[in-house]
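Chain P: place on chain Z using the hints.
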Amino acid sequence: MSQQQEEQKAIPLDKLTPQQLLQIKKQIEEEVQSLSQSLSQFRIANAKYEESKVILKRLDQTPKDNDLLVPITASLYVPGRLINPQSIMIDYGTGYFVERNTEQGSHFCDRKLQLLKESQDKLSNIINQKKQFMDKLNIELQKRVLQVQQIQQQQQQQQQQKKQ
Amino acid sequence: MAEQVQMLQSKIEEESKLLQTLQREMQKYVEGRQKLIEQSHENEMVKKELDLLEPEAKVYKLIASVLVSQTLQESKENVSKRLDFIGKEFKKVEDLIKENTNKQIAKKTSIQKMQEQLYQIVQAYQQSLNK
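As you go down the protein sequences, you meet chains Z and P in turn.
Residue numbers for the first sequence follow our numbering, beginning at 1 and rising by one.
Residue numbers for the second sequence follow our numbering, beginning at 1 and rising by one.
Please keep in mind that the hints were generated in silico from the structure rather than gathered at the bench.
Check before you lean on any hint, since a few could be wrong.
Each computed DSBU-like pair below joins lysine-lysine, with the alpha-carbon atoms no more than 35 Å apart [said to hold, decoys possible]: (1) P/Lys98 with Z/Lys131; (2) Z/Lys15 with Z/Lys136; (3) Z/Lys15 with Z/Lys25; (4) P/Lys98 with P/Lys28; (5) P/Lys48 with P/Lys61; (6) Z/Lys130 with P/Lys35; (7) Z/Lys53 with P/Lys58; (8) P/Lys47 with Z/Lys48; (9) Z/Lys64 with P/Lys76; (10) Z/Lys130 with P/Lys103; (11) Z/Lys122 with P/Lys61; (12) P/Lys76 with Z/Lys112; (13) Z/Lys122 with P/Lys35; (14) Z/Lys53 with P/Lys47; (15) Z/Lys117 with P/Lys81; (16) P/Lys35 with P/Lys108; (17) Z/Lys25 with Z/Lys131.
Just so it is clear, the structure is predicted and the values come from calculations on it, not from any experiment.
Isolated chain P (complex conformation):
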């Protein structure tokens, strides 16, 4: 019995550590998702403003410490591309978050099962002692 108990206990510890790694991963995913939402908002606002401009408007882009002249067409395309890219990244992160949630649920169920097993073994042993 002592062997079984030890084995279960070390397995439970292992699985708990894996669960913690999953939870830390999840935190990073959620932070990344938040940043993507912010970026997408900012780019959408810029897109709306650019749409209000007349074609001859002088648009500049900040590259390092230099303002480089751009055509309105270029800027609009650039912002649209960025929005598309952010959209794709967002989907990726959402899928990763889903996967991670499922993995966490599976781990928690397996840990619970092992804890129940452990409890039953200890109970059975105590009962046999009482007899």
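Chain Z extracted, bound-state conformation:
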């Protein structure tokens, strides 16, 4: 994709026909939209990890042997007791789970948040680049419209002169 972009930048914009410019503009608009959607998904993931950290802190403060209700199914809960508020199970991905304590869990969330932030920054940069390119396209399109208007005006003037 970036190769295509470079090719388009290498061809000076004023050599392209207005239809081609419109085509490219549409393409880039679609790309920006789908990238923005991915960006909002990133934000959702961010919120989830932050929430997990808050819950872990709360777990720390929960006393041992606290009464609780354990969900067995979506509508069935069973009374239970919190035996070890420090031990949590973390889903690492690809089917691996690790038993850790709340502090390590919080560090895990921090690392994930760091990864998310890096990816989000990269994505924002790409989106900005594409938006800048779109601005250039729009300027070029406006030039063309002005050119056409000028030619039309000239033609009208010539016709008027002929009549005289």
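The following block gives chain P in isolation, referenced to the frame of chain Z:
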């Protein structure tokens, strides 16, 4: 002349259908490649996290609906093997994609040639009529 035209037209149709099959194949390859990239990312992340663990850490693997206890060593080896496997599959798909692209280019050139031939025959015939 009419025979030639018919022959060329049916050949062009044949080749176009083959081209379409190639394009559908290509789509599948590209989707598969995308999945492999996702899997490789996930496995790399797990590998990094496992590397941060101390040797006594309790690791479990989800097999069906059961969490089975694993040693850290086993899990690390397993994830490395998976990454190797994904790498090999990725190479295979990339080779298939290359092959497919070349085949598509060849088909397109042959279709173009036949269309040019057809055009020339029709032109020649029209000119002979005009005389």
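Going through the hints against the structure:
1. P/Lys98 with Z/Lys131: holds (32 Å)
2. Z/Lys15 with Z/Lys136: Holds, at about 14 Å.
3. Z/Lys15 with Z/Lys25: holds (15 Å)
4. P/Lys98 with P/Lys28: Holds - the C-alpha atoms of lysine 28 of chain P and lysine 98 of chain P are around 14 Å apart, at most 35 Å.
5. P/Lys48 with P/Lys61: holds (17 Å)
6. Z/Lys130 with P/Lys35: Status holds; Cα separation ~25 Å.
7. Z/Lys53 with P/Lys58: holds (21 Å)
8. P/Lys47 with Z/Lys48: Between lysine 47 of chain P and lysine 48 of chain Z the Cα gap is close to 22 Å, so the pair holds against 35 Å.
9. Z/Lys64 with P/Lys76: holds (34 Å)
10. Z/Lys130 with P/Lys103: holds (33 Å)
11. Z/Lys122 with P/Lys61: holds (33 Å)
12. P/Lys76 with Z/Lys112: With a Cα-Cα distance of about 20 Å, the restraint between lysine 76 of chain P and lysine 112 of chain Z holds, given a limit of 35 Å.
13. Z/Lys122 with P/Lys35: holds (21 Å)
14. Z/Lys53 with P/Lys47: The hint holds at about 22 Å.
15. Z/Lys117 with P/Lys81: holds (29 Å)
16. P/Lys35 with P/Lys108: holds (29 Å)
17. Z/Lys25 with Z/Lys131: holds (10 Å)
In summary, this structure violates none of the numbered hints.
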